[in-house]
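*Asks:* Residues per chain are reported as follows:
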Amino acid sequence: MDEDSTRLKQYAGTKKMNDFEWDFRQGVQRYETWDKVRVGQSGPGMRQFVVEEEDILAFNLSCLETDPMYIDPEYARSRGGLWQHPLFIVQIVFWCIDTGIGSWLRSPGARNPGQTIELHEPFVVGETITMTCTHVDKWIRRGKTYIEDRCDLHNEHGTLKATWWTRLIIPPNGAELARYAEM
Amino acid sequence: MAVTELHYGDIEIGYQFPTIEHHVTQEVIDRAALAHLDFNPVHTNIEWNKRAQVFGTQKTVGHGMLTMSMMASLIDRHWRHAGASVIRMQSKLVKPVEVGRVVRCEGYVKELHPRGSGQSYVLVAITAIDNEGDPVGLADYAVRVPD
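Heads up: the sequence lines are chains A and B, in that order.
Offset between the first sequence (1-based) and the working numbering: plus 16.
Offset between the second sequence (1-based) and the working numbering: plus 65.
So that you can see chain B by itself, here it is in the shape it has in the complex (with noise of 0.2 Å):
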């Protein structure tokens, strides 16, 4: 799925990413919770959740970085390989994602940018749902592309 060669003047705006998926399990959130140094008690203290409830369940919750962090992954994954690179993420995060959600990242190419010289990037639009079909998270993410 990865593509290996990539340039500017051949990006149409419209242009889509292949979906990604993720199982956010209890496992998954403790990783990112190490990985992060995030150590919030919403996402790995189990007891503390059925107390707190911050997001209204007693469900730990995942990561708003993890949401995002597979939001660049939708990217990474496809273009990295032809050297494109993120340059610039802002999200806004809509939902929370309990544990044991599956969330999808779709994204599209929404605008161009043509600088030259290596410093043309594209801005993709890119939308996290989750296992309810709710957006979880919204997102543009700027990625720098090969003239």
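Isolated chain A (complex conformation) (with noise of 0.2 Å):
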């Protein structure tokens, strides 16, 4: 195990933690790349997430929350249930998209110059929340390549939970990807 995976293991504290991929240098010719995506193109994720409370927990505690309405379960449990973090959904969507659709995401390289969010229902402990990714837009900007997604989340019942317009700076082709992921 190499030094910054030493470093993580200590925080691993759910399933889902030690089932990912903890380098994304990893596997980057599976990855989409900027040249090759096609906008207008959707797809499913490429696995579903099923909310479990230690996801939410483990969320809460990494942004730094200290009400015991986020943190305890015990005490929350008699109070409506545990509260969770508006950006839970970052935990779904890159669980989700995997190395799928929207993989692009993972990108080594790749710069984060704002994002868009619109949440319509809390998740439940218990749902199977699936995700559509649709690649909405490309371009170049100062000689940068932006890419955009729309994923939407819904729920084994089909409501539509959340939705993330994903957006990044990302390498502009396969070559550049591979060129980050092998320094």
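Please keep in mind that the hints were generated in silico from the structure rather than gathered at the bench.
Everything numeric in this text was worked out from a predicted model, so none of it was measured.
Quick reminder that beta carbons are idealized off the backbone N, C-alpha and C, glycines included.
Keep in mind that a hint or two might mislead.
Negatives, chain A to chain B, calculated, CB over 10 Å [claimed, not checked]:
{"id": "1", "residue": "R23"}
{"id": "2", "residue": "R41"}
{"id": "3", "residue": "S58"}
{"id": "4", "residue": "D88"}
{"id": "5", "residue": "Y91"}
{"id": "6", "residue": "G97"}
{"id": "7", "residue": "T115"}
{"id": "8", "residue": "G125"}
{"id": "9", "residue": "I133"}
{"id": "10", "residue": "T144"}
{"id": "11", "residue": "T148"}
{"id": "12", "residue": "H151"}
{"id": "13", "residue": "D153"}
{"id": "14", "residue": "N171"}
{"id": "15", "residue": "E172"}
{"id": "16", "residue": "T175"}
In the DSSO-like style, the derived pairs of lysine-lysine whose C-alpha atoms are separated by at most 27 Å in a straight line are [what the hints assert, rightly or not]:
{"id": "17", "chain 1": "B", "residue 1": "K160", "chain 2": "B", "residue 2": "K175"}
{"id": "18", "chain 1": "B", "residue 1": "K157", "chain 2": "A", "residue 2": "K154"}
{"id": "19", "chain 1": "B", "residue 1": "K157", "chain 2": "A", "residue 2": "K160"}
{"id": "20", "chain 1": "A", "residue 1": "K160", "chain 2": "B", "residue 2": "K175"}
{"id": "21", "chain 1": "B", "residue 1": "K175", "chain 2": "B", "residue 2": "K115"}
{"id": "22", "chain 1": "A", "residue 1": "K160", "chain 2": "B", "residue 2": "K124"}
{"id": "23", "chain 1": "B", "residue 1": "K160", "chain 2": "B", "residue 2": "K124"}
{"id": "24", "chain 1": "B", "residue 1": "K175", "chain 2": "B", "residue 2": "K124"}
{"id": "25", "chain 1": "B", "residue 1": "K160", "chain 2": "A", "residue 2": "K154"}
{"id": "26", "chain 1": "A", "residue 1": "K160", "chain 2": "A", "residue 2": "K25"}
{"id": "27", "chain 1": "A", "residue 1": "K25", "chain 2": "B", "residue 2": "K175"}
{"id": "28", "chain 1": "A", "residue 1": "K160", "chain 2": "A", "residue 2": "K52"}
{"id": "29", "chain 1": "B", "residue 1": "K157", "chain 2": "B", "residue 2": "K175"}
{"id": "30", "chain 1": "B", "residue 1": "K157", "chain 2": "A", "residue 2": "K25"}
{"id": "31", "chain 1": "A", "residue 1": "K160", "chain 2": "B", "residue 2": "K160"}
Using the hints, build the complex out of the two chains.
*Replies:* Printed below as a string of structure tokens:
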């Protein structure tokens, strides 16, 4: 185990954390690249996300929350249930994308210019969340290659829970992506 | 500091939120990487950053989504006990947050959106500022509040 993984290991408290790739340089040849993405293409995420209490709790703790409604499931249970931080959607989207459609989100060398997220309903423990990802735009501005997807998250009843328009500046092609990965 | 009772009709434009501040250590970034499932090496790989310098620095940087989470916490910690909920987040991230920086978030009510029947919301303008005094993120968060 390398130095970074050893450091991360001490905080990896959930099953999903331990079942996920911890080095996004691995497998970049499977990622979508800016030059190959076709605007308008749409498809389901590679994985579904079953919401567990430990997922919400771990996310809340990472946001440095201290209120027991965020970090004490026993306390929260008799008061309507554990609150989830508004950014919890991030964990769900990265899980669902994995190395499938939308995987440019994992690109080494990427920069985050800003994001848009809409939340319709809180996620509920036990729900199975499915993601649909659509490539909505890609553009060049001041020599940088931007890309944007729309990631819609539905539960098993078809209710739209949230939408994240993921947007990054990413390497322009596979060769540049591989160069970053191999540094 | 948390508000326990809040009504849309009582909120005025310019209302200021109590600021929040966090020290972005490597442990904070590592925990965010695990919770976000975002293991881009720019956040977690210390040696790679010395070579790649994606942001022109040899240091790791915090997730943009970590900055956005702090911006959401600014609202949640003050208003959530009173029944408010963030419904839309729109951000512009303007400077990377190098490991070791302290980030402070400030915010105020910028717009009122009367809808009635539990649908009214306010728009909160938020600025995240690092310990050099530079903005790192600017955002508008829509927050639904009780009637």
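*Asks:* Confirm or reject each hint.
*Replies:* The hints, checked one at a time:
1. R23: violated (6 Å)
2. R41: violated (6 Å)
3. S58: holds (22 Å)
4. D88: holds (15 Å)
5. Y91: About 13 Å separates Y91/A from the closest Cβ of chain B, which puts it past 10 Å; holds.
6. G97: Non-interface label on G97/A holds, nearest chain B Cβ at 13 Å vs cutoff 10 Å.
7. T115: holds (12 Å)
8. G125: Per Cβ check, G125/A is inside 10 Å of chain B; nearest 6 Å; violated.
9. I133: Violated, because the least Cβ-Cβ distance between I133/A and chain B comes to about 5 Å, which does not exceed 10 Å.
10. T144: For T144/A, whose nearest Cβ neighbour in chain B is about 17 Å away, the distance exceeds 10 Å, so it holds.
11. T148: Nearest chain B Cβ is 19 Å from T148/A, so the label holds.
12. H151: The assertion about H151/A holds, with a minimum of 20 Å to chain B.
13. D153: Answer for D153/A: holds, closest chain B Cβ roughly 16 Å.
14. N171: holds (17 Å)
15. E172: Since the minimum Cβ distance to chain B is about 21 Å, E172/A lies beyond 10 Å and the statement holds.
16. T175: For T175/A, whose nearest Cβ neighbour in chain B is about 15 Å away, the distance exceeds 10 Å, so it holds.
17. K160/B - K175/B: The hint holds at about 23 Å.
18. K157/B - K154/A: holds (17 Å)
19. K157/B - K160/A: OK: K157/B and K160/A at ~16 Å, within 27 Å.
20. K160/A - K175/B: The given pair, whose Cα atoms are some 32 Å apart, is violated under the 27 Å limit.
21. K175/B - K115/B: Roughly 41 Å between the alpha carbons, so the hint for K175/B and K115/B is violated.
22. K160/A - K124/B: Given pair K160/A, K124/B holds - Cα atoms ~22 Å apart, limit 27 Å.
23. K160/B - K124/B: holds (14 Å)
24. K175/B - K124/B: violated (35 Å)
25. K160/B - K154/A: The hint holds at about 22 Å.
26. K160/A - K25/A: violated (35 Å)
27. K25/A - K175/B: violated (42 Å)
28. K160/A - K52/A: holds (16 Å)
29. K157/B - K175/B: It holds: about 17 Å lies between the C-alpha atoms, which stays within 27 Å.
30. K157/B - K25/A: violated (32 Å)
31. K160/A - K160/B: holds (16 Å)
In summary, the numbered hints that this structure violates are 1, 2, 8, 9, 20, 21, 24, 26, 27, 30.
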